[in-house]
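Q: Residues per chain, in single letters:
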Amino acid sequence: MDVLTENFSLYGKGFLGTVELTVYASALALVLGFLMASFRVAPVGSFRVLGTVWVTVLRNTPLTLLFFAVLLGLPRFGLVLPFQLFAVLALGCYTSAFICEVLRSGINTVPKGQGEAARSLGMNFGQTLSTVVLPQAFRSVIPPVGSTLIALAKNSAIAGAFSVTELLGTYKTLNELGYSIIWSFIWIAVGYLIITLTISAVFNVMEKRWGVAR
Amino acid sequence: MTKTLTRKPSRASAPEATALYDIPGPVTRRRHLMYGIASTVLIVALFGWIVHLLFDTDQFTAQKWTPFEYKGIQELLLRGLGNTLKAFAYAAVLSLALGAVLAVGRLSEHRVLRWISTLLVEFFRAMPVLVMIFFIFVALKVQPLPALVAGLTLYNGSVLAEVFRTGINSVDRGQREAAYALGMRKTQVTTFVLAPQAVRAMLPTIISQLVVALKDTSLGYLITYEEFLHAGKLIASNLDYDLPFIPVVMVISPIYIGMCMLLSWFATWVAKRQRRNLKTRAVGVAPAEPGTLLPGGQ
Numbered sequence: 001m002d003v004l005t006e007n008f009s010l011y012g013k014g015f016l017g018t019v020e021l022t023v024y025a026s027a028l029a030l031v032l033g034f035l036m037a038s039f040r041v042a043p044v045g046s047f048r049v050l051g052t053v054w055v056t057v058l059r060n061t062p063l064t065l066l067f068f069a070v071l072l073g074l075p076r077f078g079l080v081l082p083f084q085l086f087a088v089l090a091l092g093c094y095t096s097a098f099i100c101e102v103l104r105s106g107i108n109t110v111p112k113g114q115g116e117a118a119r120s121l122g123m124n125f126g127q128t129l130s131t132v133v134l135p136q137a138f139r140s141v142i143p144p145v146g147s148t149l150i151a152l153a154k155n156s157a158i159a160g161a162f163s164v165t166e167l168l169g170t171y172k173t174l175n176e177l178g179y180s181i182i183w184s185f186i187w188i189a190v191g192y193l194i195i196t197l198t199i200s201a202v203f204n205v206m207e208k209r210w211g212v213a214r
Numbered sequence: 001m002t003k004t005l006t007r008k009p010s011r012a013s014a015p016e017a018t019a020l021y022d023i024p025g026p027v028t029r030r031r032h033l034m035y036g037i038a039s040t041v042l043i044v045a046l047f048g049w050i051v052h053l054l055f056d057t058d059q060f061t062a063q064k065w066t067p068f069e070y071k072g073i074q075e076l077l078l079r080g081l082g083n084t085l086k087a088f089a090y091a092a093v094l095s096l097a098l099g100a101v102l103a104v105g106r107l108s109e110h111r112v113l114r115w116i117s118t119l120l121v122e123f124f125r126a127m128p129v130l131v132m133i134f135f136i137f138v139a140l141k142v143q144p145l146p147a148l149v150a151g152l153t154l155y156n157g158s159v160l161a162e163v164f165r166t167g168i169n170s171v172d173r174g175q176r177e178a179a180y181a182l183g184m185r186k187t188q189v190t191t192f193v194l195a196p197q198a199v200r201a202m203l204p205t206i207i208s209q210l211v212v213a214l215k216d217t218s219l220g221y222l223i224t225y226e227e228f229l230h231a232g233k234l235i236a237s238n239l240d241y242d243l244p245f246i247p248v249v250m251v252i253s254p255i256y257i258g259m260c261m262l263l264s265w266f267a268t269w270v271a272k273r274q275r276r277n278l279k280t281r282a283v284g285v286a287p288a289e290p291g292t293l294l295p296g297g298q
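Line by line, the protein sequences give chains A and B. Take the first sequence: its letter number 147 is residue 147 in our numbering, and every next letter is one higher. Take the second sequence: its letter number 257 is residue 257 in our numbering, and every next letter is one higher.
Warning: the hint list may mix true and false statements.
[Said to hold, decoys possible] From chain A, some residues computed to sit far from chain B (all C-beta separations above 12 Å):
1) E6
2) L10
3) R59
4) I186
[To be verified] Below, in silico cross-link-like pairs of lysine-lysine (PhoX-like), each with a Cα-Cα straight-line distance of 25 Å or less:
5) K64/B with K272/B
6) K233/B with K172/A
7) K64/B with K172/A
8) K233/B with K141/B
9) K272/B with K71/B
Rather than coming from a laboratory, the hints here were simulated on the basis of the structure. Ideal placement from N, C-alpha and C gives every residue a C-beta, glycine not left out.
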């Protein structure tokens with residue numbers, strides 16, 4: 001119990017680090033995933049190939065390898081950025097592949113007639129996608145996007161092992177300070193539970209408001 | 001009668017008509033070809049720029065690639081790969097076993113057993129795998145390999161438990177009723193009637209979950225287990241060869257990604273084969289497509 005009260009600022013810093021990492025990486029993953037999903041359904045062949053390669057490669061890459069390549073490899077390449085930014089990049093790109101697949105399956109749930117109606121009104125591809133199909137697709141993918149983002153929050157723990165300020169990383173300092181290691185881990189676990197439960201609560205509310213009744 | 005009239009949608013080189021666009025006509029096809037060429041040029045240019053950057057930062061100098069010529073270093077990499085596969089094999093077998101046990105627990109008629117296994121499944125699915133591995137490694141002071149295997153087993157075992165459970169629940173009710181009518185006991189019904197059909201229907205999802213386990217063996221690198229990535233790191237941080245980080249990444253990633261891809265293709269292949277198989281179709285288990293491949297995806 002004392003571990004938390006005596007090291008509140010340390011835990012707080014780690015907790016905020018995880019939250020920040022999760023928020024930024026989620027934003028990147030959503031943007032990239034949306035981009036790749038629209039590539040994968042585009043009528044132009046090369047876009048589709050690009051989207052497919054992106055998803056296939058990233059889905060089959062171990063996240064640790066990606067972190068290794070980005071955090072330790074890219075600096076050798078001449079690209080030097082703060083570690084936290086690198087971690088956001090790795091996490092965001094990795095998760096974008098899963099977001100893309102979720103969105104794509106959401107697009108497939110929209111009935112064909114919707115698109116046909118939009119086209120008969122004279123809308124082009126961009127207009128059909130953004131004003132007719134995606135809003136409907138979005139409603140049916142709220143739960144799977146939620147669990148993808150929960151997975152992202154959990155995966156952000158790997159960043160801590162690559163010395164990015166983050167919740168799991170706090171165990172090291174606490175260990176050196178000689179605190180009970182089991183209690184330190186219990187509070188770390190509680191921290192992660194708070195984050196994942198918050199995400200799932202937010203998505204539950206969103207689903208109640210906008211989700212498709214089945 | 002109507003069956004002969006409905007034709008399958010033709011599979012042209014362009015994708016089938018979606019909600020998004022009509023099947024393109026000649027003018028649009030020409031326009032799309034132009035877009036295609038333009039974007040391909042752009043992508044190739046980007047790729048060329050990256051290769052240029054690689055040359056510019058001396059990533060292709062002989063010195064950085066020499067380590068891969070030495071037998072000792074090749075053996076180091078192979079040993080790492082062997083250790084990765086070893087951890088995967090242990091984790092796969094144990095998590096299948098744990099999954100079976102937890103699934104049986106969740107389906108049990110005894111309330112206490114059901115509660116305990118539900119609690120375990122929910123907790124281990126909610127925790128980051130790495131936190132569990134670190135807890136076992138640091139707090140319980142276990143050796144790297146058992147710690148890694150235990151962490152992976154707890155996590156993937158609880159995910160697999162849910163897979164098994166949904167599989168068993170989705171077997172047609174009539175199967176269970178017929179088995180009870182023959183006078184079988186619950187254990188017999190589960191082991192001889194339900195489980196074989198459930199496993200068969202859920203095989204693609206099970207294999208996809210094993211891909212997650214294979215991917216996650218790389219977490220062993222973080223607790224100093226001497227697996228593939230660890231071997232790569234050893235070579236990469238060698239000053240004698242001018243810190244060949246990029247070459248190591250270029251050698252290691254295709255092997256890692258290739259292994260995972262093979263296993264996921266296997267899952268897709270099994271799924272496709274099942275869709276053609278009458279026996280599994282009769283079971284009528286709905287969505288047994290390969291899962292999300294996502295650590296933590298539910």
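Q: Please go over all the hints and tell whether each is borne out by the structure.
A: Going down the list of hints, with the structure as the test:
1. At the 12 Å boundary, the C-beta of E6/A stays outside the reach of chain B, the nearest C-beta of that chain being 19 Å off.
2. Non-interface call for L10/A relative to chain B: holds, since the shortest CB-CB distance, roughly 17 Å, exceeds 12 Å.
3. Separation of R59/A from chain B is inadequate, the least Cβ-Cβ distance of about 5 Å not exceeding the 12 Å criterion.
4. For I186/A, the requirement that its beta carbon stay farther than 12 Å from each beta carbon of chain B is not met, with the minimum near 9 Å.
5. Restraint check for K64/B and K272/B: the C-alpha separation of about 44 Å exceeds 25 Å, so the hint is violated.
6. A threshold of 25 Å between alpha carbons decides the hint, and for K233/B with K172/A the separation of about 22 Å falls inside it, so the pair holds.
7. Our distance criterion of 25 Å between C-alpha atoms is broken by K64/B and K172/A, whose separation comes to about 34 Å.
8. Of the pairs offered as hints, the one joining K233/B and K141/B holds, with about 24 Å between alpha carbons and a cut-off of 25 Å not exceeded.
9. Taken as a hint, the K272/B and K71/B pair is broken in the structure, with Cα atoms around 42 Å apart against an allowance of 25 Å.
Going through the hint list in order, the structure does not satisfy hints 3, 4, 5, 7 and 9.
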